[in-house]
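From first to last, the protein sequence lines stand for chains F and D.
Residue 0 is where the first sequence starts when you use numbering that gives the first Met the number 0, and the numbers rise one by one after that.
Residue 0 is where the second sequence starts when you use numbering that gives the first Met the number 0, and the numbers rise one by one after that.
Be careful, since some hints might not be right.
Unchecked claim - The calculated DMTMM-like cross-link candidates involving lysine to aspartate or glutamate, where the alpha carbons are at most 20 Å apart (straight line), are:
hint	chain 1	residue 1	chain 2	residue 2
1	F	160	F	173
2	D	186	F	117
3	F	73	F	88
4	F	204	D	88
5	F	296	D	88
6	F	204	D	226
7	F	186	D	300
8	F	187	D	255
9	D	251	F	300
10	F	204	D	255
11	D	186	F	290
12	D	187	F	55
13	D	204	F	253
14	F	165	F	117
15	D	191	F	88
16	F	296	F	226
17	D	186	F	88
18	F	191	D	226
19	F	165	F	253
20	F	191	D	88
21	D	191	F	226
22	F	186	D	88
23	D	296	F	255
Said to hold, decoys possible - So the derived list for chain D, only partly shown, Cβ under 8 Å to chain F, looks like this:
hint	residue
24	186
25	219
26	259
27	301
Claimed, not checked - Covered stretches of chain F, as calculated for chain D (at least 3 residues, CB under 8 Å):
hint	stretch
28	202 to 208
29	226 to 236
Just so you know, these hints were derived from the structure itself, not from any lab.
Glycine residues also receive a C-beta, built at the ideal position from the N, C-alpha and C atoms.
Residue strings, one per chain:
Number of protein chains: 2
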Amino acid sequence: MSILVIGSVAFDAIETPFGKTDKIIGGAAAYISLSSSYFSNNINLVAVVGGDFPKDYIQKIQSVGVNTVGLQIKEDQKSFFWSGKYNYDLNSRETLVTELNVLGDFDPIIPDSYQNCEYLMLGNLAPAVQLSVLERLNHRPKLVVLDTMNFWMDIALDDLKKILAKVDVLTINDEEARQLSGEYQLKKAAQKIMAMGPSFLIIKKGEHGALLFHENRTFFAPALLLDQVFDPTGAGDTFAGGFIGYIAKTGKTDFDTLKTALVYGSTMASFCVEKFGTENLFGLTQEQIQERFNEFKIMVEY
Amino acid sequence: MSILVIGSVAFDAIETPFGKTDKIIGGAAAYISLSSSYFSNNINLVAVVGGDFPKDYIQKIQSVGVNTVGLQIKEDQKSFFWSGKYNYDLNSRETLVTELNVLGDFDPIIPDSYQNCEYLMLGNLAPAVQLSVLERLNHRPKLVVLDTMNFWMDIALDDLKKILAKVDVLTINDEEARQLSGEYQLKKAAQKIMAMGPSFLIIKKGEHGALLFHENRTFFAPALLLDQVFDPTGAGDTFAGGFIGYIAKTGKTDFDTLKTALVYGSTMASFCVEKFGTENLFGLTQEQIQERFNEFKIMVEY
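Take the sequences, apply the hints, and build the full model.
As structure tokens, this is what we get:
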């Protein structure tokens, strides 16, 4: 079934304890699209890049079945650029450069052919932009998933609260959940956040796994223990892509389906972090994905 | 079946964001004994206290079925005393006072009636003291579980390595596993530590759950999300008590049994942190324990 993905497509320059890249392809919507392409062949991208964005990368995205009719190319401008450096434990990072460029006045235009998409993934962007997407759809999608970050809680909390009231699923990390709710205990934090709108809440804890909350129920999926975590950039977006991809594949939005979707999201994220940027999201096989998915089950069964 | 518990029985003074205690009862062996008493009626304590230790507390320990023949009382000395203050997130703490007192020259004497214990829990103490216990037993127990901490890695690493070579299960936290192995990735760290001796390794991650390693297998148990975490003191020891208690109850030491034991350990720890000190470890019912044990299963099932 069809998925509409909105977010950034951008350049990243990344430094980790294991190496350093020049400008490589990044952006929330790139990771989300690539990750969800393993679950759906009807993915529709809305994003904006500058004239400096390599055409062959757009072709690579198209080659995995992503529809790029909604990808605006502003030939006379530059693409969004982010550069960051991870600390030795990969759990924290320092932003070195943020150049908004085309993203500064991003006006997300929804092509008519995208209007009936059933699943909407609002990747991390200014909440006002995310809200405009919802307003421009003729029909509300079956499920709306929102990703955001602490930056918007700091500078655009009112806008964020407006969009929160309109979505079904929110994905944030544990620190952000504490900031947004003002509660330290995640159980209390989750109740307060769900009262703001979303009926499902996902709290991502990186190497410590992810939690899914719904009403008074809680589900937990651990993170796999990998031989090597190389670059955490995009892990959260890759997670979101696997999550909404699996939901779209099944066509169901009940708690049990979302639990399994959480594990598929974690599965995809585990591939992402093994190499730089989006590199490891090309050419995975369904067998590889299934094998790793099964490892999650083995890890918690008793 | 019979369990031999060695460790400190002591006074603690605790300050958390939720309150402050005067001297209350603490010490690794107190938590371990109380916690394991819900699984076994043959628990044999070896520890030392001073003349200042309240006799009625010893009676309370006896009242849950713990044998205190091996509890030395040095009437003219003072009990071990620790005082600490937790930060607002309860994840880190500052030690305010450590008075070794009777623990400074603790000579763990094993009563003859304890000699045939089948399960040995070596609570956190100087590794040389832990080693002397093993040397004084006529028969090696069926399973030896060792708890230790970063302090001994800093000042008594050689002794620690000697005892590590002789135990079956080691329990430490994630930071300690990284320190002991020199590896950041827990999967690699676990392999290095198991090569030092223990065939099972438990890595405790506090609010992020606990991992059990054995050969190339990994099991993970989350931590329950509690309404209120009040005081984390003794959580690791209470965990160890539930863990070895369940093993002693079943009489089995295979990986599957240890997986379930890990969940019972986590169950007991979740009760411990809800009140100050050992307070919540008195008067629990088997139904309460079973109910909470079941919550762990629900949390990871999909």
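Evaluation of the provided hints:
1. With a C-alpha separation of about 18 Å, the suggested pair residue 160 of chain F and residue 173 of chain F falls inside the 20 Å cut-off, and the hint holds.
2. Proximity of residue 186 of chain D to residue 117 of chain F is assessed by CA-CA distance (about 40 Å); at most 20 Å being required, the pair is judged violated.
3. With a CA separation close to 38 Å, the supplied pair residue 73 of chain F and residue 88 of chain F exceeds the 20 Å bound.
4. Taking the CA atoms of residue 204 of chain F and residue 88 of chain D, the gap is near 16 Å; set against the 20 Å cutoff, the hint holds.
5. For the hint linking residue 296 of chain F to residue 88 of chain D, the alpha-carbon distance of about 31 Å lies beyond 20 Å, and the restraint is violated.
6. Taking the CA atoms of residue 204 of chain F and residue 226 of chain D, the gap is near 19 Å; set against the 20 Å cutoff, the hint holds.
7. A distance of roughly 18 Å separates the Cα atoms of residue 186 of chain F and residue 300 of chain D; the hinted pair therefore holds under the 20 Å criterion.
8. For the hint linking residue 187 of chain F to residue 255 of chain D, the alpha-carbon distance of about 33 Å lies beyond 20 Å, and the restraint is violated.
9. Among the hinted pairs, residue 251 of chain D with residue 300 of chain F is consistent with the structure: their alpha-carbon atoms are about 18 Å apart, no more than 20 Å.
10. A threshold of 20 Å between alpha carbons decides the hint, and for residue 204 of chain F with residue 255 of chain D the separation of about 27 Å lies outside it, so the pair is violated.
11. Of the supplied pair hints, the one linking residue 186 of chain D and residue 290 of chain F holds, its CA atoms being roughly 18 Å apart against a limit of 20 Å.
12. This hinted pair does not check out: residue 187 of chain D and residue 55 of chain F have alpha carbons roughly 38 Å apart, beyond 20 Å.
13. For the proposed pair residue 204 of chain D and residue 253 of chain F, the alpha carbon gap of about 31 Å is over 20 Å, so the pair is violated.
14. For the hint linking residue 165 of chain F to residue 117 of chain F, the alpha-carbon distance of about 15 Å falls within 20 Å, and the restraint holds.
15. Under the criterion of a C-alpha separation no larger than 20 Å, the hint pairing residue 191 of chain D with residue 88 of chain F is consistent with the structure, at around 19 Å.
16. Straight-line distance between C-alpha atoms of residue 296 of chain F and residue 226 of chain F comes to about 18 Å, which keeps the hinted pair within the 20 Å bound.
17. Pair hint residue 186 of chain D plus residue 88 of chain F holds up; C-alpha atoms about 14 Å apart against a cutoff of 20 Å.
18. A hinted pair counts as satisfied when its Cα atoms are at most 20 Å apart, and residue 191 of chain F with residue 226 of chain D qualifies at roughly 13 Å.
19. Among the hinted pairs, residue 165 of chain F with residue 253 of chain F is consistent with the structure: their alpha-carbon atoms are about 18 Å apart, no more than 20 Å.
20. For the hint linking residue 191 of chain F to residue 88 of chain D, the alpha-carbon distance of about 19 Å falls within 20 Å, and the restraint holds.
21. With a CA separation close to 13 Å, the supplied pair residue 191 of chain D and residue 226 of chain F stays within the 20 Å bound.
22. The suggested pairing of residue 186 of chain F with residue 88 of chain D holds, with an alpha-carbon distance near 14 Å, which does not exceed 20 Å.
23. With a C-alpha separation of about 15 Å, the suggested pairing of residue 296 of chain D with residue 255 of chain F holds against the 20 Å cut-off.
24. Hint status for residue 186 of chain D relative to chain F: holds, with the closest Cβ pair at about 4 Å, below 8 Å.
25. About 4 Å separates the beta-carbon of residue 219 of chain D from the nearest beta-carbon of chain F, less than 8 Å, and the hint is met.
26. About 5 Å separates the beta-carbon of residue 259 of chain D from the nearest beta-carbon of chain F, less than 8 Å, and the hint is met.
27. With a least beta-carbon distance of about 4 Å to chain F, the hint placing residue 301 of chain D at the interface is held under the 8 Å criterion.
28. With 3 residues carrying a beta carbon less than 8 Å from a beta carbon of chain D, the stretch 202 to 208 of chain F meets the three-residue requirement, and the given coverage holds.
29. By the rule of at least three residues with a Cβ nearer than 8 Å to a Cβ of chain D, the coverage given for the stretch 226 to 236 of chain F holds, with 3 such residues.
In summary, the numbered hints that this structure violates are 2, 3, 5, 8, 10, 12 and 13.
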